[in-house]
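Starting from the structure of chain S, add chain R where the hints point.
Protein chains: 2
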Amino acid sequence: MSQAVCTATYRSYDDKADFQKKALGIAVGLTVGSWTDLPEARKAEMEKHLGRVVSVDVHEGTEPGTRYADIVIAYPDVNFSRDIPALLVTVFGKLSMDGRIKLLDLDFSSDFLSAFPGPKFGMAGIRDLLGVQDRPLLMSIFKSVIGHDLPNLRDQFYKQALGGVDLIKDDEILFENPLTPLQKRVEACMEAARQAEAETGQKLLYAVNLTGPTSKLASQAKLAIAAGANALLFNVLAYGFDVLHELSSDPEITIPIAAHPAMAGAFYPSPHYGIAAPLLLGKLMRLAGADLALFPSPYGSVVMPREENLAVQAALIDPALPVRPSFSVPSAGIHPGLVPLILRDFGTDVVVNAGGGIHGHPMGTAAGGQAFRQAIDATLNGISLPDAAAQPGHEALRAAIDSWGFKQP
Amino acid sequence: MSQAVCTATYRSYDDKADFQKKALGIAVGLTVGSWTDLPEARKAEMEKHLGRVVSVDVHEGTEPGTRYADIVIAYPDVNFSRDIPALLVTVFGKLSMDGRIKLLDLDFSSDFLSAFPGPKFGMAGIRDLLGVQDRPLLMSIFKSVIGHDLPNLRDQFYKQALGGVDLIKDDEILFENPLTPLQKRVEACMEAARQAEAETGQKLLYAVNLTGPTSKLASQAKLAIAAGANALLFNVLAYGFDVLHELSSDPEITIPIAAHPAMAGAFYPSPHYGIAAPLLLGKLMRLAGADLALFPSPYGSVVMPREENLAVQAALIDPALPVRPSFSVPSAGIHPGLVPLILRDFGTDVVVNAGGGIHGHPMGTAAGGQAFRQAIDATLNGISLPDAAAQPGHEALRAAIDSWGFKQP
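Residue numbers (our numbering), protein chains in the order written: chain S, 1 to 409; chain R, 1 to 409.
The shape of chain S in the complex, shown without the other chains (with noise of 0.2 Å):
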């Protein structure tokens, strides 16, 4: 009988066990809990309820501490409800204490995905809004937050709007606060890109930081809109999947969300624990509905790997998930000169996000966008980054690489 199934990848360390065995016990555990001392007539009905080991695939390693087994375990449909608590808690609730094991993957039965709309926008629809279809997209971020008022955003915002950026973040770390209160912030800030935009002629989002307790951040996310928000920025491991899903489900929610990282170091850098970034930054995010999903970029200080930052990518636009892709954001570390690097990494479907690569410009943040859109459109015409800069008009990208230097992949 073919059963709605969600399969979930593990990888399992350990130099003695016996993987077969460690597998079904999962299959069985997490499900019916005991199997063999069951009653012939009662196994008939608790079959459907019995999860199935998939694939055991064992890698000896060389040297104590390197064998693992990469675990493929399907979960019966009808074992849990259709939201990511339920799934998560099902296949790595109690199992993510039991030893050296690590969530890699997950796999979705229709019926469990027919719960989940995924991004309202996705990338088309970022796209859209902004009327760029032909070229990265540039994410600028405030140099810094906390402490300033109302007048010193709005001026921050408007030098970065000027520069020609496309999307504008709020700081994850700028909460409810007495100097910029969300909706005054909303109100000044889309008021300077509607200033910047009579001058640039480009459109502009601004996500905003969604904070405050979880019960109130649908009605937040509303004054918000109601206030002029055209995107809302939000810290989904702080608050769960869910609360994503429910955001972005929600009808009255009509604008873009970028989804943050923030804590996701707790879950994946660990070979032996957590949750891998593919998974956690990718998948999950899309599924529960961001339409931009920042991450570590490859570049910076705050490190991924490369592979992982490419799986992650994967993740975000893979055509066999039947919802809408999400735009990559990676993240950290990111100047004009490392443009060519990033649009060989990750193609022109991305947003190149800096925040001390606009600031830190020495001509001024204006320039730093600036330079950022001369680096973005003479790697789409395959110039290089120095003969670009050699151009008349070109001074804001001479300039940052005379800071920041380029890197030709």
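Among the hints, erroneous ones may be present.
Treat identical chains as interchangeable: a pair holds within one or across any two.
[What the hints assert, rightly or not] Keeping only pairs whose Cα atoms sit at most 27 Å apart, straight-line, the calculated BS3-like set for lysine-lysine is:
id: 1; residue 1: K216; residue 2: K120
id: 2; residue 1: K143; residue 2: K43
id: 3; residue 1: K120; residue 2: K16
id: 4; residue 1: K48; residue 2: K407
id: 5; residue 1: K16; residue 2: K184
id: 6; residue 1: K21; residue 2: K203
Simulated from the structure, these hints should not be mistaken for lab results.
Every value quoted in this text rests on a predicted model; they were computed, and no experiment measured them.
Below, chain R without anything else, positioned relative to chain S:
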């Protein structure tokens, strides 16, 4: 100027780092962003937002990979709102992804704490509900729940209750399902509880698993209460600490909450990454309002080192935290022969929690509970388990020891 701050303690591994510099980078980077390049006038305004290095304690390692520092940073309260997501994102949002660093502990200002009423019942409240002041409590877990119908679950419940257990909890992987939906499950099990109480004279709390979409959890809890539920089980880490905080603060949720540690193994076991168990399963669970906190015992297959276990318990009862103490529920691998060890390790303010150690008893489930109660009484009276088992009427304990052995500490 004395200033309200919350402090975070980290362990950072690095063979070469200048840990003083790293600590300063954290204190500045996660608060005002930059400091040395600020104009003097601005510094005066920003000072109240600036993080401070409290201490840096370097442990020079003898081998590569063993050099680390314990770093304590103070974060001004003025920077974040009074909720756990804001505090966690501030102190371990971006930082979690910055190399080998683990969040060991948090200390809260009294102003921050003022937003947290803590457990509504706590240890004393649970004891009052049960009318049991003078001994460890006994909790049991259903043998298996998935695929069982109401009469079966009711029967399992009744047999457990007959054995003299104080609490029975749902399995954490029992979600809303057509066979045993929440309200009907509560009605059936509470009716079994009353039936058992008529025989045993003993009160009993049934912790029903609270599941489903985040926004419906409070109303589900209230439906459960209306159906007669007298306790809740909650998979806190699948939903986020803030959800527990909101549930436990809800004046209409008038029953104790038991926090399940599902997913905790994704956070605490690595020495290099994540969040330490005493903070994750102890201090934060209590702050967020868990009346009972389950965590892996040091005795079973799902193992946590004994010192770490005791540190979890210490956090759950530490008088320095001005909220009610939470009951410790060390779980997994518990049989009656371990009771002397459990009481030595955790004292009498502990919940002895067993599944297989009750259902697997050779004389049946009710005898399983009786064996635990006999082991608890013997230990409290300074009688060794073999001596107690030899007494008339202690057949249940004798059979348990014959099956599983015992450990006299």
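For each hint, the structure was consulted:
no.	hint	in the structure
1	K216 x K120	both (21 Å within a copy, 22 Å between copies)
2	K143 x K43	between (62 Å within a copy, 16 Å between copies)
3	K120 x K16	neither (47 Å within a copy, 46 Å between copies)
4	K48 x K407	neither (56 Å within a copy, 40 Å between copies)
5	K16 x K184	neither (60 Å within a copy, 45 Å between copies)
6	K21 x K203	neither (58 Å within a copy, 41 Å between copies)
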